[in-house]
Amino acid sequence: MTKTIRLTMAQALTRFLSRQMTEIDGKKVPIFGGVWAIFGHGNVAGIGEALYQVRDQLPTFRAHNEQAMAHAAIAYGKANFRRRFMAATSSIGPGALNMVTAAALAHVNRLPVLFLPGDVFANRIPDPVLQQAEDFSDGTATVNDCFRPVSRYFDRITRPEQIVPALNRAMQVLTDPADCGPVTLSLCQDVQAEAYHYPESFFAERVWRQRRPRPDRGELAGAVAALKGARKPLIIAGGGVLYSQASDELAKFAQGAGIPVCETQGGKSSLPDDHKLNMAAVGVTGTSAANRLAEEADVVLAIGTRLQDFTTGSWALFKNSGKTIIGLNVQPFDAGKHRALPLVADAAEGLAELAAALQGWKAPEAWTDNAATGKKAWQADAAKVTASTNAAFPSDAQVIGAVQRAMGSGVTLLHAAGGLPGELHKLWQAGAPGSYHAEYGFSTMGYEIAGGLGTKMAKPDDEVVVMIGDGSYLMLNSEIATSVMLGLKLTIVLLDNRGFGCINRLQMATGGANFNNLLKDSRHDILPDIDFAAHAASMGAIAEKVPSIAELENALQKAKKNDRTTVLVIDTDPLVSTDAGGHWWDVAVPEVSARSQVNAARKVYDEKRQMQTIGD
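In full-length UniProt numbering, the protein residues as written are 1 to 616.
I should point out that these hints are in silico values taken from the structure, not numbers from a laboratory. These figures come from a predicted structure and were not determined experimentally. Careful: at least some of the hints might be erroneous.
Listed next, the in silico DSSO-like pairs over lysine-lysine satisfying Cα-Cα at most 27 Å (straight line) [to be verified]:
#	residue 1	residue 2
1	545	558
2	323	337
3	323	376
4	276	323
5	376	319
6	276	228
7	384	362
8	337	228
9	376	489
10	319	459
11	228	384
12	323	608
13	337	376
14	319	276
15	384	520
16	228	252
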């Protein structure tokens, strides 16, 4: 007979999670770095009790906000290149719904995280329970159904034995390179406490290893033929290069074939910034060096990228009408986008086989030399905009320059939404793979500090620098307190431009009036004068407002020696952004308006849309 052990469903779940392992650099480690939890009536008695039983094998971390703790879990998975990940549990109702935004973030960015929200009673006897939202026409619906469209796999556990196939399926998705993304197991609160005789084999230790599919021979032959016929080839490195840990293979391939490389937001740091073939950022927030080549390229090898609109300049960037795109991607959905020649494979394996098949072939020297010339010109432009200044309100670029000079390229730099992604994508000089950590797939304000916390958990020996605007800080800052509580030091640079400066600039560019973005342009009786340094200090951080770029550099040097999270605040100019580089982005302008500025902007918009290559 099969040996069994009687456990509650929640106890079985946590025991199972604690037995899942992976190998990193030849060392076996738990694949789950822990569970983030905010308890409520819907999970404290069930999964809360179960987590206590395994607290030494599967640590539980307490946060202050459900969305933030989920961001931290996601950042942990990203910083680990998806080789390790975390879970997040909440009560039903608002606690669960707070995590839906984070689930969408993970879904868009193809990042592993396990969501374990509490749910209603499966037996329905006490319905409606506290925090239950009743659907008048569907007795089976709960608010956790909101997770369905933003989960790679969703299951509602209404019987204790259902956790067996559900957890096995969850692990397959979380570790699959193509289908990787968020998994939601919605845990009915009565079922969490129900016992079942589980087979002991269910809790046997299992080691999960990274799958590396190799390319199909026919697809490989097509890609090789296209590259051999190229006169102006270009590589776009996306996040898949980093998740595959394929930076060495990319460097060897690019060097051997003499092909310039540009990087998406997710792919930045695939090569160090000082690599001679790295043209850095591409697209709407790209460098002039990369975008000039993209306009002319006749073959584009897109590696591990979703080819979203910021990368392609809303499909107006690639101007060579005879171009061929090769989609080297582990996910067929992405590999075949925009009529690309698909090359479905792991990035490292695909690059290795391409290199072997192309041995002896090189791109024309004139093309490679042209790229090098463009890079030097861009570096000169970047140096100008990031140079030190005595301005009372420096630009974002000048703050970036100060952080770069003070901290160097050896830190892990983290940011998310607003104006900083555009400036950092162009201007930050990344070092090691994964040292540039951007959340710009879903452009989620509030990710930064929580994401920095998760990144520090994944890379405890790294100096983690978070750059954030005042608008995003005000949305979600609570995990400063958690970072202090856990002894996980972050260096946070807060740029205060007194509102949503990035969107204000976009509003102006599309002909709109300055309205409801900067604080001064919003309805108010009293203009806020927020003391961000005092606020951060109240949560236990070392905090200081610096009056100048020079003082910021000095404060950053001191912050290296601080023993806990440090927040440095500096006032910045909301209207200035870097003109060099960049590309048009499709933001629809009203066809008619009472404002002449909007009508003028619409005329320009109609002209720009003619650049788009429909069908690509």
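Take a quick look at whether residue 545 and residue 558 sit within 27 Å of each other, Cα to Cα. 14 Å, holds
Please work out if residue 323 and residue 337 have their alpha carbons no farther apart than 27 Å. The hint holds at about 14 Å.
For the pair supplied as a hint, residue 228 and residue 384, confirm whether the alpha-carbon distance does not exceed 27 Å. 39 Å, violated
With a cut-off of 27 Å on the C-alpha distance, tell me whether residue 323 and residue 376 pass. Between residue 323 and residue 376 the Cα gap is close to 26 Å, so the pair holds against 27 Å.
Take a quick look at whether residue 323 and residue 608 sit within 27 Å of each other, Cα to Cα. The hint holds at about 20 Å.
Are the Cα positions of residue 376 and residue 489 separated by 27 Å at most? 36 Å, violated
Compare the distance between the alpha carbons of residue 384 and residue 362 with 27 Å, and conclude whether the hinted pair is satisfied. 34 Å, violated
Verify the proposed pairing of residue 276 with residue 323, using a straight-line Cα cut of 27 Å. Answer holds: residue 276 to residue 323 is near 24 Å, not above 27 Å.
Residue 337 paired with residue 376 [C-alpha distance capped at 27 Å]: 33 Å, violated
Could you grab the alpha-carbon distance between residue 376 and residue 319 and see if it respects the 27 Å cut-off? Roughly 23 Å between the alpha carbons, so the hint for residue 376 and residue 319 holds.
Taking only the CA atoms, is the gap from residue 337 to residue 228 under or equal to 27 Å? 22 Å, holds
27 Å limit on alpha-carbon distance, applied to hinted pair residue 319 and residue 459: 41 Å, violated
Hint compliance for this structure: hints 7, 9, 10, 11, 13, 15 are broken, all remaining hints hold.
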